[in-house]
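S.K.: Numbering (full-length UniProt numbering), first residue to last: 1 to 315.
Please note that the accuracy of each hint is not assured.
What the hints assert, rightly or not - What follows is a list of derived Cβ distance ranges for each label pair:
| hint | residue 1 | residue 2 | range |
| --- | --- | --- | --- |
| 1 | Gly266 | Leu181 | 47 to 53 Å |
| 2 | Ala60 | Arg227 | 14 to 20 Å |
| 3 | Ala66 | Leu281 | 33 to 39 Å |
| 4 | Ala226 | Arg276 | 17 to 23 Å |
If you're looking for bench data, these hints aren't it; they were derived computationally from the structure. From the three backbone atoms N, C-alpha and C, an ideal C-beta is built for every residue, glycine too.
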Amino acid sequence: MARVFPQGRLVYGMQLPVQSQSTIYAEPWEASATAADLAGIARAADRAGFGYVATCDHVAIPRRLAGPMSTVWYDPVATLSFLAGITERVRLLSHVAILGLRHPLISAKQYATLDHLSGGRLILGVGAGHVQEEFEVLGVDFARRGAVLDETLDALRAALGPEEYPEFEGELFSFKDLGQLPRPAQERIPVWVGGSSAAAVRRAAVRGDGWLPQGDPRDRLPAQIARIARLRAEAGVDGPFEFGAITEALYVGEPGWDTGRRTLTGKAEALAESLREYGALGVDQIQVRFRSRDRAELVDQITAFGAEVAPLLND
1 MARVFPQGRL VYGMQLPVQS QSTIYAEPWE ASATAADLAG IARAADRAGF
51 GYVATCDHVA IPRRLAGPMS TVWYDPVATL SFLAGITERV RLLSHVAILG
101 LRHPLISAKQ YATLDHLSGG RLILGVGAGH VQEEFEVLGV DFARRGAVLD
151 ETLDALRAAL GPEEYPEFEG ELFSFKDLGQ LPRPAQERIP VWVGGSSAAA
201 VRRAAVRGDG WLPQGDPRDR LPAQIARIAR LRAEAGVDGP FEFGAITEAL
251 YVGEPGWDTG RRTLTGKAEA LAESLREYGA LGVDQIQVRF RSRDRAELVD
301 QITAFGAEVA PLLND
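Please take these sequences and the hints and turn them into a complete structure.
M.R.: Written as structure tokens, this is what we have:
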């Protein structure tokens, strides 16, 4: 079992804009953005040394939630496959795939192919989901979505392993004598579990190779990290584990426009000093987000972060 990123170094990645446009984080310019904008931003992150680029997952948004969530949610496998073909080094993270909406053999076929085509760059980020109508229309029990995800993860471990004919026997899913090629390029697909509820944290500890918190502020991270370490020890799970965090919104330099009071702004040294605190808390990778008014400004921010801030993150 291998880590995705080197131990002892704070790595940075980003959720891509355009591909999901919840009003919580989307910038106004994204509404009219194109595939070319998404491609240009992903390439900029690749050039700037980002550890990963990430995309979200929703199949369909009910009208009652379309105001705050919007209905813009690109398919993660299609999007990450597109990005695989136009980038070279950056890892490809689903943050997060709602695996319970699909049979594990379907997910295995999609993500094994993606890993194969990308030369082993997939990180499978997973979550339980929260939109009830989405589950109901697909015939999945929303109330039992946690249990469904747990078994799906166990089935996927088998289905994404090295065997051409994987075998699994569970309560909801069972399969054998059914071959799937190509196999993933990686020996073991890293699975990072998303969510900050008690159930999600336990799932990350027991079934995951990493944890993707959902908006935990800095002061809550040490307790969550300690809890995951304790749960892993109690379950007898060893091996490497990677802790994540989502940072405050960032702007490298002085913005000259209102970026909001919670945005960290300033020179590279000041930003790096603040972000190094995550590493001191036990975090392995930070997911950064930049305020921007158009694609060009975002690309400039990504480039500046990679050139000026990133070299100082591990000083």
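S.K.: Of all the hints given earlier, name the ones this structure violates by number, lowest first.
M.R.: 2
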